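Working from the sequences, and respecting the hints, build out all of it.
One line per chain: the protein sequences are A and B, in this order.
If you read the first sequence in the numbering used here, its first letter stands for residue -3, the second for the next number, and so on.
If you read the second sequence in the numbering used here, its first letter stands for residue 441, the second for the next number, and so on.
Hints listed in this document are in silico derivations from the structure and should not be mistaken for laboratory results.
All values reported here derive from a predicted model rather than from experimental measurement.
Incorrect hints may appear among the rest.
[Claimed, not checked] Distance condition first, Cα-Cα at most 27 Å in a straight line; then the derived DSSO-like pairs of lysine-lysine: (1) 163/A - 507/B; (2) 51/A - 507/B; (3) 482/B - 239/A; (4) 239/A - 507/B.
[Unchecked claim] Simulated restraints on C-beta separations: (5) 480/B - 134/A: 42 to 50 Å; (6) 179/A - 473/B: 51 to 59 Å; (7) 423/A - 500/B: 42 to 50 Å; (8) 108/A - 507/B: 43 to 51 Å; (9) 507/B - 158/A: 48 to 56 Å; (10) 236/A - 453/B: 25 to 33 Å; (11) 446/B - 147/A: 35 to 43 Å; (12) 151/A - 467/B: 55 to 63 Å; (13) 467/B - 107/A: 43 to 51 Å; (14) 445/B - 179/A: 44 to 52 Å; (15) 453/B - 181/A: 21 to 29 Å.
Don't be surprised by glycine CBs; every beta carbon is placed ideally from N, CA and C.
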Amino acid sequence: MEQLRWLPEDPEWRRRVRALSDAETIWCDCVALANYRLDFTKTGLLDETVRLRHKEAPPPKTGGKPVRLAILASSTVAHLHAGIRVAGLRRNIHIATYENDYGQYLQELLDPSSSLHAFAPNEVLFAFDAYHLAQGLHAALSQESATALLDRALSQIETCWSLAREKFQCAVIQQTVLDVFPALLGNNEQRLPGSRSRFVTELNARLRSQADAAGVDILALDDACRRDGLSTWHDPALWSRSKQEVRPALSPTYGELVGRIIAARQGRSYKCLVLDLDNTLWGGVVGDDGLDGLVLGQGSALGEGFVAVQEYAKDLARRGVILAVSSKNDHANAIEPFQSHPEMVLRPNDIAAFRANWQDKASNIRAIAEELNIGLDSLVFLDDNPFERNLVRQELPMVAVPEVPDDDPSLVPYVLADAGYFESLAVTAEDRERTAQYQENRAREELKASATDMASYLKSLEMRLVWSRFDKVGQQRVVQLINKTNQFNLTTRRYTTEDVEAIMADPKSFGLQLRLLDRFGDNGIIAIIIGRMLEESIVTIDTWLMSCRVLGRQVEPTTLILIAEQARALGARRLVGDYIPTAKNGMVKDHYEKLGFTVTERREDGSSTAELNLETFTPAETFIETTESTPP
Amino acid sequence: MSTTVEIYAALTEIFNDVFNRDDMILTPELSAKDVKGWDSFKQIEIILGVEERYSIRLNTKEIDSLKCVGDLASVILKKTS
Chain A
-3 MEQLRWLPED PEWRRRVRAL SDAETIWCDC VALANYRLDF TKTGLLDETV
47 RLRHKEAPPP KTGGKPVRLA ILASSTVAHL HAGIRVAGLR RNIHIATYEN
97 DYGQYLQELL DPSSSLHAFA PNEVLFAFDA YHLAQGLHAA LSQESATALL
147 DRALSQIETC WSLAREKFQC AVIQQTVLDV FPALLGNNEQ RLPGSRSRFV
197 TELNARLRSQ ADAAGVDILA LDDACRRDGL STWHDPALWS RSKQEVRPAL
247 SPTYGELVGR IIAARQGRSY KCLVLDLDNT LWGGVVGDDG LDGLVLGQGS
297 ALGEGFVAVQ EYAKDLARRG VILAVSSKND HANAIEPFQS HPEMVLRPND
347 IAAFRANWQD KASNIRAIAE ELNIGLDSLV FLDDNPFERN LVRQELPMVA
397 VPEVPDDDPS LVPYVLADAG YFESLAVTAE DRERTAQYQE NRAREELKAS
447 ATDMASYLKS LEMRLVWSRF DKVGQQRVVQ LINKTNQFNL TTRRYTTEDV
497 EAIMADPKSF GLQLRLLDRF GDNGIIAIII GRMLEESIVT IDTWLMSCRV
547 LGRQVEPTTL ILIAEQARAL GARRLVGDYI PTAKNGMVKD HYEKLGFTVT
597 ERREDGSSTA ELNLETFTPA ETFIETTEST PP
Chain B
441 MSTTVEIYAA LTEIFNDVFN RDDMILTPEL SAKDVKGWDS FKQIEIILGV
491 EERYSIRLNT KEIDSLKCVG DLASVILKKT S
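Right under this line is the structure:
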């Protein structure tokens, strides 16, 4: 198994690492170097290079929230830290790691003076090896005794989760168990109650439902092992030698799996798959070969392979990934197969942004990001042509461009899946409706073009702003938005699920989720507000973020009216808002001024504080009707 | 098949990577006590580097019998010829 096979190789990689010297840019340089195909040795080398400068403390500016990950394990995992940290680096997230003393995970959790408590993790990964969990199992056991052992293991794990959360208010990840045991019966192993192999199978199934119920995320090592084979992941000789359950060679892959969960928790998974057409979605060149000449569908192995690519893309779209097209073609030629080729799985409605022209692909990809109002760093670009791939990598290093096998399209879905770009921890109803939302946007654009002036356009939209306090149902989406909104975000404060729960429980704070509906449909949750009463009679707007796709629709002044009402309800007479500049949020620099706030302080770093007197505040008139959503 | 010279060149690169240095000089007699930081964990890294480089797998007996760089070079020579 070739590890990280979707990442490109660079023969100059070692030279580039050794040439790193500039202390100021070393983190950024290493982020770039982490995005190559790295084996165990290279991963270790890069990790050491970064740690020379950024061992415990993260660099001042990273993409995501710094993570302090404690790996609580029953055997040795020292060989896996580098893989995890480099997987974070690959995503511009600083991860500091900790590992308990051998076998002491429970003692350390319980002992407030332990080095685990001193480390103060904000994420905990429980990694229990199969030998540890299956203690006591043997082939002569009765069904009752085997079940009792299973129940005991599950309840001990649950206790660990509760302890970790109670002590650290942290997120919890639970690794599933590797089935390292040789079979005793064989094909029908399920008929032997005391089989350790059967025990692991049942444990993994029940771990999943227990984790779902408890809000714990699963690290599916068992699935990875099923795909790659046990001997890839586990070496019994190494277990005997050094109690390493996962082979050290797999550290880069293991780290990737952990890194994805961490990134997804911060809302930093990729969102959009940009597809090339000729020889990516179908065989042949539509401009030359014509509709009838395309290799697609039944009748040829290659044609079936392209159908498999399309089916995978379509399923990704059904669960919330946005699809776009970037192709060097005449538009009419490029769109024709989507409209009239009988074997096409993807149809025009599946594509949220369609760019077929003769410009270079980097420009087109930029235009797609702009049209969809998402960051370039949320795009994945799939193209069979190595030239185009390299061009895009060079021009737009923040776009993910997987290496794909050029000989067989059937393999492409597996590469995309292995790369884990679109890792998601939950499926929200909004995810399912995403493509429809982008189509509704197009309809709005068309109406805008036909309306004679802005006011009549806005009026004709029949907008309704439906708001509610943060609640359990919307929580996933709220956390997602808090962590991935970069542009319209006044303070760019990132919060975890636990932070959001704390806001829900605090009577001196309010968290609002706002949804915008109009005659074309539901735009989904488009804005998040967190207000806190930090001083008597003053409410500070801790967080104000909004989706850029509803810009220019009077949502901001309408939202302010709502915030003012909420603040007054807490007894506030003044409203205070901060602007904290980042590389991406320049668009909201004057946000509060535009809304009638008075700037009270401007600082050298570009940040500012503004204030609004609620006693003299006059609400603006807008074309948006505001209602509180009634709980179901 | 690799020559002894080639093996030492490859091992030098692996050792440099593992110890994050660029000045390692390998001799057949060199062993863990001569290199700062060469512990059991680094030992595993070195073996892994060798296994990946040559697409070979060293078994427990072979690993246990490694006392110095020369032993490692002979195992590689034996397994790749």
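>> Tell me the hint numbers this structure goes against, listed in increasing order.
In response: Per hint list: 1, 2, 5, 6, 11, 15 violated.
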